[in-house]
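Trainee: Sequence:
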Amino acid sequence: MYYFVSENIFAYNSGTEHAQAKRVQFFNREHQQNRLGQAAYVTRDYNRFLNRDATAVGLNNDEVVNMYDYFQGTTNVPRKKQHLRLLPQLPLDRYHIVGHGPNYSTVEDKGRVIARINVMPATVGLVNDITYYDRADNITVRENFDWRGFKSSVDYFHQDGQLAVQQFLNLAGDPVIEITHMNINGQLLPSMYKLKNYLGHDYRFNSQEQLFLFFLNEITRQQADITLISDRRGLDHVVAAVQGTVHKYAYLHGIHVGNVKHPVRGKLYDAYTNVLERYGQAFTAILVSTSDQQKDLKSRYPELTIKGAPDISLSSVVLNKAPITLQTRQLHQLIVVGRLSPEKRPEQALRVLAKVIKTIPDATLVYYGYAASQEVMDDLQTLAQKLAVTDHVTFGGYVSEEKLQQAYQQAQIILQPSIAESFGMNLVEAMSCGTPAISYDVPYGTQALIDDGHNGYIVPEGSSNAMAQKAIDLLSDDNLWAQMSAAAYVKSHNFADDKTTKLWQNIFK
1 MYYFVSENIF AYNSGTEHAQ AKRVQFFNRE HQQNRLGQAA YVTRDYNRFL
51 NRDATAVGLN NDEVVNMYDY FQGTTNVPRK KQHLRLLPQL PLDRYHIVGH
101 GPNYSTVEDK GRVIARINVM PATVGLVNDI TYYDRADNIT VRENFDWRGF
151 KSSVDYFHQD GQLAVQQFLN LAGDPVIEIT HMNINGQLLP SMYKLKNYLG
201 HDYRFNSQEQ LFLFFLNEIT RQQADITLIS DRRGLDHVVA AVQGTVHKYA
251 YLHGIHVGNV KHPVRGKLYD AYTNVLERYG QAFTAILVST SDQQKDLKSR
301 YPELTIKGAP DISLSSVVLN KAPITLQTRQ LHQLIVVGRL SPEKRPEQAL
351 RVLAKVIKTI PDATLVYYGY AASQEVMDDL QTLAQKLAVT DHVTFGGYVS
401 EEKLQQAYQQ AQIILQPSIA ESFGMNLVEA MSCGTPAISY DVPYGTQALI
451 DDGHNGYIVP EGSSNAMAQK AIDLLSDDNL WAQMSAAAYV KSHNFADDKT
501 TKLWQNIFK
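Going by full-length UniProt numbering, the letters in the sequence shown line up with residues 1 to 509, in that order.
I should point out that these hints are in silico values taken from the structure, not numbers from a laboratory. These numbers were taken from a predicted model, which means no experiment stands behind them. From the three backbone atoms N, C-alpha and C, an ideal C-beta is built for every residue, glycine too. Mixed in with the good hints there might be a few duds.
20 Å max Cα-Cα, derived PhoX-like pairs, lysine-lysine [stated by the list, open to error]:
| id | residue 1 | residue 2 |
| --- | --- | --- |
| 1 | Lys110 | Lys151 |
| 2 | Lys80 | Lys307 |
| 3 | Lys403 | Lys321 |
| 4 | Lys321 | Lys499 |
| 5 | Lys81 | Lys307 |
| 6 | Lys321 | Lys267 |
| 7 | Lys151 | Lys80 |
| 8 | Lys81 | Lys151 |
| 9 | Lys81 | Lys110 |
| 10 | Lys321 | Lys261 |
| 11 | Lys386 | Lys403 |
| 12 | Lys509 | Lys499 |
| 13 | Lys295 | Lys307 |
| 14 | Lys403 | Lys358 |
| 15 | Lys355 | Lys386 |
Pairwise CB distance ranges (calculated) [what the hints assert, rightly or not]:
| id | residue 1 | residue 2 | range |
| --- | --- | --- | --- |
| 16 | Asn76 | Pro460 | 50 to 56 Å |
| 17 | Gly234 | Asp477 | 46 to 52 Å |
| 18 | Pro460 | Thr305 | 49 to 55 Å |
| 19 | Asp473 | Asp391 | 50 to 56 Å |
| 20 | Ser476 | His100 | 56 to 62 Å |
| 21 | Asp498 | Thr123 | 25 to 31 Å |
| 22 | Ser207 | Gln32 | 51 to 57 Å |
| 23 | Asp391 | Gly234 | 37 to 43 Å |
| 24 | His31 | Val264 | 57 to 63 Å |
| 25 | His100 | Asn185 | 36 to 42 Å |
| 26 | Pro460 | Lys81 | 53 to 59 Å |
| 27 | Gly397 | Ile360 | 21 to 27 Å |
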């Protein structure tokens, strides 16, 4: 059994979460063919919406193991919608539920509001949480409901409204985990985690990390032949301390240095200190996506075992789809896929577009991905206005896997303006839809994924002029685009399941 260890699955996920989820799917496809072991996505954080969020990235209940769900006994509970007007805990012969629009209702006793029921986001009338008030209208208790319809946790508050105790419940309503919050140097922080009546015993921990280590030791103790892969740098030291596993690996999803021109001697990002310097020897191997990063890390840390395997694998269902012709695409459309954040340099795509439309007036650009901050979004919109391209730009936001596939199929070109990319899952997915890529000449994924002049272009680092010219060349020549689109399809087959499986099998030898 393979457990890929992370913090959470979110409503808006980064490439790390998507890569981890896709790896789970890939391993389980290959497990059905007896080529790889079964896999699951392991998460640490409490998340009442985990079932919804996991489903959104293509995972089912059997493929996700959350620490809180595990101790609560709710890992495989199916969803049963809980409507606020059908709550069995409320004696409606005494209390009255009063609606206040689609977002919340109140529970009233003889005209006094004793509780507020908030509606689950993006639902009609399903219970999200219930907040109770005392006679002075102070918040006393909040009951939190899981997406699957059951009461999952209860928060108790001090008189001043600050959180005092959190209790996490099993399906019978009994608390199985309790977190106490105390004032520490003027700040209210968790001071004790109590695991209650677990296998007949109570356990106390000073931090969530200690509880998570206990949890990982438990799931590895109860099964044979467990392999852990740490996918989040904030958890490397915890995974390193787990006992009783067959193997432990750490998968690096990013560039390890700030100055990408000096990957061997440049200053290491602080987040990578644990995995590469403090606890590196605790791992069977450190895993990366490309041979170039593997080589650089081997030069920098000769005492560590560094191995490589792609961050994505494509199923036969994806690879055997009929090619998408130019006639069915949105002509002259460029796309950028990924988080809108400074290291991704999304503003560069705007500068490229401004140059392209001088030659191709109907060219458009669509961004797919969430903004790291409102400031980033504001800056992009301001620059779009300054460059007079606002009418040519769409900020598509974070979209579902299905809509992202449609985006790849509609676009003519995907741009990659990042400072660096450890791989480039977006480029592989685009190529599997026959969409050529244009990227700056940056490490590491660009060199591994783009064969310059065949399935896309690699242009000088930071040169929006060069990127724009290559985009113009492609958008202006249908025959050239068709050739590169065909080459993109061919390149994507390098990441077919059978080829990726061999690489992972070599890792586990």
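Trainee: None of the hints should be skipped; say for each whether it holds.
Mentor: These are the hints, each one checked on the structure:
Restraint check: the Cα-Cα separation between Lys110 and Lys151 comes to about 26 Å, which exceeds 20 Å; the hinted pair is violated. For the hint pairing Lys80 with Lys307, the CA-to-CA distance comes to about 44 Å; that exceeds 20 Å, so the pair is violated. The straight-line distance between the Cα atoms of Lys403 and Lys321 is roughly 16 Å, inside the 20 Å bound, and the hint therefore holds. Distance hint between Lys321 and Lys499 is fulfilled; the C-alpha atoms sit about 18 Å from each other, no more than 20 Å.
Distance check on the hinted pair: Lys81 and Lys307 sit about 45 Å apart at the alpha-carbon level, beyond 20 Å; violated. Taken as a hint, the Lys321 and Lys267 pair is broken in the structure, with Cα atoms around 44 Å apart against an allowance of 20 Å. With a CA separation close to 12 Å, the supplied pair Lys151 and Lys80 stays within the 20 Å bound. Under the criterion of a C-alpha separation no larger than 20 Å, the hint pairing Lys81 with Lys151 is consistent with the structure, at around 12 Å.
As the CA atoms of Lys81 and Lys110 are separated by approximately 29 Å, the hinted pair breaks the 20 Å bound. With a C-alpha separation of about 39 Å, the suggested pair Lys321 and Lys261 falls outside the 20 Å cut-off, and the hint is violated. Restraint check: the Cα-Cα separation between Lys386 and Lys403 comes to about 30 Å, which exceeds 20 Å; the hinted pair is violated. For the given pair, Lys509 sits about 16 Å from Lys499 by alpha-carbon distance, which is consistent with the 20 Å threshold.
Taking the CA atoms of Lys295 and Lys307, the gap is near 9 Å; set against the 20 Å cutoff, the hint holds. Of the supplied pair hints, the one linking Lys403 and Lys358 is violated, its CA atoms being roughly 30 Å apart against a limit of 20 Å. Taking the CA atoms of Lys355 and Lys386, the gap is near 13 Å; set against the 20 Å cutoff, the hint holds. Taking 50 to 56 Å as the suggested C-beta distance range, the pair Asn76 and Pro460 conforms, at roughly 53 Å.
Checked against the hint of 46 to 52 Å, the pair Gly234 and Asp477 passes, with Cβ atoms roughly 47 Å apart. Checked against the given bound of 49 to 55 Å, the beta carbons of Pro460 and Thr305, roughly 35 Å apart, lie outside it. At roughly 24 Å, the beta carbons of Asp473 and Asp391 sit outside the given window of 50 to 56 Å. A hinted range of 56 to 62 Å for the beta carbons of Ser476 and His100 is consistent with their spacing of about 57 Å.
For Asp498 and Thr123, the Cβ-Cβ distance of about 42 Å falls outside the hinted range of 25 to 31 Å, so the restraint is violated. About 39 Å separates the C-beta atoms of Ser207 and Gln32, a value inconsistent with the hinted range of 51 to 57 Å. Checked against the hint of 37 to 43 Å, the C-beta distance between Asp391 and Gly234 comes to roughly 42 Å, which is consistent with it. Distance hint check: the CB atoms of His31 and Val264 are about 37 Å apart, inconsistent with the given range 57 to 63 Å.
Take His100 and Asn185: their Cβ atoms lie about 40 Å apart, and the range 36 to 42 Å holds. In this structure, Pro460 and Lys81 meet the distance hint of 53 to 59 Å, their C-beta atoms being roughly 55 Å apart. The hinted window of 21 to 27 Å between Gly397 and Ile360 holds, with their beta carbons roughly 25 Å apart.
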